[in-house]
Each structure stands twice: as structure tokens, then as C-alpha cells.
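Visitor: Sequence:
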Amino acid sequence: MGQKRRVTTILTMVVTILLVIGFMVEPTMEVEAASYPLLKIGSRGQAVSRLQQALKNKGYFTYPNITGYYGTITKDAVIRFQKDYGLAVDGIAGQQTQKALYESSTGGYTGLLYFGMRNERVRDLQNALKARGYFKGTATGYYGHVTEKAVIAFQTDHGLRIDGIAGSETQNALFNSKPATKAATSRSSLTAKQRDDIFWLARIIHAEAAGEPYKGKVAVGNVVINRVNSSQFPNTIYSVIFEYYQGIPQFSPVQDGTIYNNPGSESLKAAEEAYFGSKPVGDALYFFNPKKAAGTWIVKNRQYITTIGNHDFYR
Numbered sequence: 001m002g003q004k005r006r007v008t009t010i011l012t013m014v015v016t017i018l019l020v021i022g023f024m025v026e027p028t029m030e031v032e033a034a035s036y037p038l039l040k041i042g043s044r045g046q047a048v049s050r051l052q053q054a055l056k057n058k059g060y061f062t063y064p065n066i067t068g069y070y071g072t073i074t075k076d077a078v079i080r081f082q083k084d085y086g087l088a089v090d091g092i093a094g095q096q097t098q099k100a101l102y103e104s105s106t107g108g109y110t111g112l113l114y115f116g117m118r119n120e121r122v123r124d125l126q127n128a129l130k131a132r133g134y135f136k137g138t139a140t141g142y143y144g145h146v147t148e149k150a151v152i153a154f155q156t157d158h159g160l161r162i163d164g165i166a167g168s169e170t171q172n173a174l175f176n177s178k179p180a181t182k183a184a185t186s187r188s189s190l191t192a193k194q195r196d197d198i199f200w201l202a203r204i205i206h207a208e209a210a211g212e213p214y215k216g217k218v219a220v221g222n223v224v225i226n227r228v229n230s231s232q233f234p235n236t237i238y239s240v241i242f243e244y245y246q247g248i249p250q251f252s253p254v255q256d257g258t259i260y261n262n263p264g265s266e267s268l269k270a271a272e273e274a275y276f277g278s279k280p281v282g283d284a285l286y287f288f289n290p291k292k293a294a295g296t297w298i299v300k301n302r303q304y305i306t307t308i309g310n311h312d313f314y315r
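Take the sequence shown: its position 282, counted from the start at 1, is 282 in the working numbering, and no numbers get skipped.
Do not take every clue at face value.
With a straight-line cut-off of 25 Å between C-alpha atoms, the simulated PhoX-like cross-links for lysine-lysine are [stated by the list, open to error]:
{"#": "1", "residue 1": "279", "residue 2": "300"}
{"#": "2", "residue 1": "269", "residue 2": "193"}
{"#": "3", "residue 1": "269", "residue 2": "279"}
{"#": "4", "residue 1": "193", "residue 2": "58"}
{"#": "5", "residue 1": "269", "residue 2": "300"}
{"#": "6", "residue 1": "149", "residue 2": "58"}
{"#": "7", "residue 1": "269", "residue 2": "215"}
In short, the hints are calculated from the structure, not lab data.
All values reported here derive from a predicted model rather than from experimental measurement.
Take these sequences, add in the hints, and give me the full structure.
Guide: Here it is, written out as C-alpha cells:
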């Protein structure tokens, strides 16, 4: 009987230890899964841009621009990477593929610092961002989501290419530039939501009006802000941009994927101006380019206001 009790006690202890280990491992697995979202044909967004940049750095992604859209070119690049690294070849960037891609990029300094890297240069980057008020917390040397967002915020405030990657321009601006001006300091004090709003506003401005005069860019932002403030439309910038009506997106860049292209400095400046109240087209809620679309419903049902560049604006 005594021996049976000892065996039972040992088994109970083993089960308890296994349960404790299970609880410790599970959150780690969840964190990894969150860090590496499943990316495949049709996926869009920052995670896809990051994937394309990492593939480009290794010579697999050969398209000239980082698009943020997972199409056949990205799929082919993933397949080539998977073949070379002995992974399951399916053209889908799952957790194993992304982990292999990002972790294999951490050895040695190539000039670029980006998501997934871990070294002393990343720590230096974090400390520099922290000194400027962009990075909160302890410098760990790991380039994760917090560092990526801090880099994006810095790039936004300094008119740099916004991709969350610390390349030569971003690093030079961060390490070698003079202290921020009052205007830049003011922008750096924006809340995370305001930064996000301005970034998405700049994206739709860039996608819709990249070739338009500056006033035309502000006007497009003006329309988006008017929609946010109207009871006829969603009440956030992101929701207005991605609104669908009868299965069709209200803005064509959402349909063709150009909404995910990174905005230029002029589009960012125009976005800030519109966001903080500039109204070159007053209470306009609609615009279209008559050279590209008939705009029949708008012309018949809305009141014409003005034309700026190639766009006609209606209230």
C-alpha cells in the first residue's frame, strides 16, 4: 500500500509539472503566432510589406516596389525561399517560413534594420528613438512591433519613406540630424490614434491624388474628413477608406491595392493639413476624375462645388 501511495504521489507530481510547463509554453506559442500572421494570396498590409522587404533583402522578391499586397510575385518569391531553406513548399508565408526568413536575417549588419532582427545596432536604434521620445520602455536589441511602430512615427514626422524599416535615410536622420524643431516636436506629441489617422489619410491621398497639385491633395483629405464627420458615412478615417457599398469599395485604391503604397512627404503634409482643419473644398463629400470615370450618380444627385487639378468635387 505504501509503495502504491508513493507511485500515485510521483504520478501526481509529474502531471502537475507537465501542466505547469504547458501553461508556460502556450503563451509563448500564442505570442509567436501573433508575431507571424498567416500571409497568402490576397493578404494586404504592413505584415506583407515587411515580408516583401525581407525577401527583397535576400534577393527573392525582385519587383521594384514594396506593395503591401500578396500577389503571384510575392507567392513565387516565397516558394523560392522555401525551396532553398528546406521548408514545406506551398507559397504561403506561415509561422515557420517567416521565422526562418527573419531569423536568418539577423546575422551580420547589412545596413538595414528591420522587423525580426536582434543585435546591438537595434539596441542603439532603440536608444536613439527613446531619446527623441518615440520609443518607450527598455532597449532590448530586438526589432519587434514596438520598435517598428516607433520607426514609423519617426519617419512620419521627418518626411521620410514610411515603411517601418530603418534604412540609411532613416538612420542618418535619427543619428546625425539636429534636434527636432518646434513643429516636429509638436507632431511627435500626437497620440497613437492621431498618428494612425494621419498615416491612413496620407495613404488615400497618395493613392488618389499623387499626380495632383498640393491643394488637390489637401482637398481629397478634406473629403475624407467630411465623411468622418457626416452621419451618412462611418465615423473613422480607416472605416471611411475601407467602406463598401453593395460589395464595391467606395475608393478604387482599395480595390486595386494601391492604398497600401507608402505615401510621399507631400501627401503626409497634405494629410496633416486636412486632418487639422484645412477645407479647400468646404463641405464636399464626393470627388471623381471625369477623365477616368463618368461619375453619373454623383453628377445627377449631388451639387458641384469646384474642380482642382483633375478632380471634380461635389457636396
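Visitor: Hint numbers the structure violates, sorted upward?
Guide: 4, 5
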